[in-house]
Amino acid sequence: NAGVTQTPKFRVLKTGQSMTLLCAQDMNHEYMYWYRQDPGMGLRLIHYSVGEGTTAKGEVPDGYNVSRLKKQNFLLGLESAAPSQTSVYFCASSYFPSGRDREQYFGPGTRLTVT
Amino acid sequence: GENVEQHPSTLSVQEGDSAVIKCTYSDSASNYFPWYKQELGKRPQLIIDIRSNVGEKKDQRIAVTLNKTAKHFSLHITETQPEDSAVYFCAASELSGVNKFYFGSGTKLNVKP
Chain U
1388 NAGVTQTPKF RVLKTGQSMT LLCAQDMNHE YMYWYRQDPG MGLRLIHYSV
1438 GEGTTAKGEV PDGYNVSRLK KQNFLLGLES AAPSQTSVYF CASSYFPSGR
1488 DREQYFGPGT RLTVT
Chain H
8 GENVEQHPST LSVQEGDSAV IKCTYSDSAS NYFPWYKQEL GKRPQLIIDI
58 RSNVGEKKDQ RIAVTLNKTA KHFSLHITET QPEDSAVYFC AASELSGVNK
108 FYFGSGTKLN VKP
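Sequences listed follow chains U and H, in order. Residues in the first sequence are numbered consecutively from 1388, following the numbering used here. Residues in the second sequence are numbered consecutively from 8, following the numbering used here.
Bound-form chain U, shown alone (with noise of 0.2 Å):
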């Protein structure tokens, strides 16, 4: 199994261009999230997917939209990129409801700047 897949790995864009990341898992988890990770913040939480077809905002969704037409897949788009955007986006996944594993399983990581 690969896990929680990403891509692509870096990126570079100019401000106001858009860009879209794609996170893909194989492991039939039901919940999907994704982060940005800036230095000194942790692990912030910008949309999560609790199943297919459906998404929700988190902690900073704004300037982010995401997508989840497939259940293993979660994509996660940037409309009108600006400096405060760049950042490393982790994509993670984990299983829901009737196991006991709370665990969630991160992707690789995007890193992406914005110039």
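The set of hints was computed from the structure by calculation and includes no laboratory data. Please read these numbers as outputs of a predicted model, since none were measured by experiment. Cβ atoms here follow ideal geometry from the backbone N, Cα and C, with glycine treated the same way. Any given hint might turn out to be false.
If you anchor each label on the Cβ, the simulated ranges turn out as follows [to be verified]:
#1 H:N60 x U:T1402: 44 to 52 Å
#2 U:A1389 x H:N117: 27 to 35 Å
#3 H:K119 x U:S1471: 29 to 37 Å
#4 H:E46 x U:R1487: 23 to 31 Å
#5 H:L53 x U:G1403: 35 to 43 Å
#6 U:T1473 x H:E12: 23 to 31 Å
#7 H:P89 x U:K1457: 23 to 31 Å
#8 U:K1444 x H:L53: 21 to 29 Å
#9 U:G1403 x H:S59: 29 to 37 Å
#10 H:P120 x U:E1439: 46 to 54 Å
Guided by the hints, dock chain H onto chain U, whose structure is given.
Using the frame of chain U, we list chain H on its own:
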């Protein structure tokens, strides 16, 4: 919403010494507390977790303690080794909810040989 505070932000110890990282949380509904280790340039990985029905859990050189009354929990690493050098994150979550994790700001542990 939940607020998790983590201290210290950096910790430097000599190889073989013990290291302790502390976290506090605000929401009494939180009942699941995982700890993640993130090596430089890598993804966060779970190293230990504890549920609110126990006060302590051990796994070889690492242990976590939980004080529900005071709303704080701690990670203890004994006999530290250079490979323990990493950033450690605590988190709080509610088992019956949507499994959202609220992370602390992280502790950079440096183990000096």
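Structure-inconsistent hints, enumerated in ascending order: 7, 9
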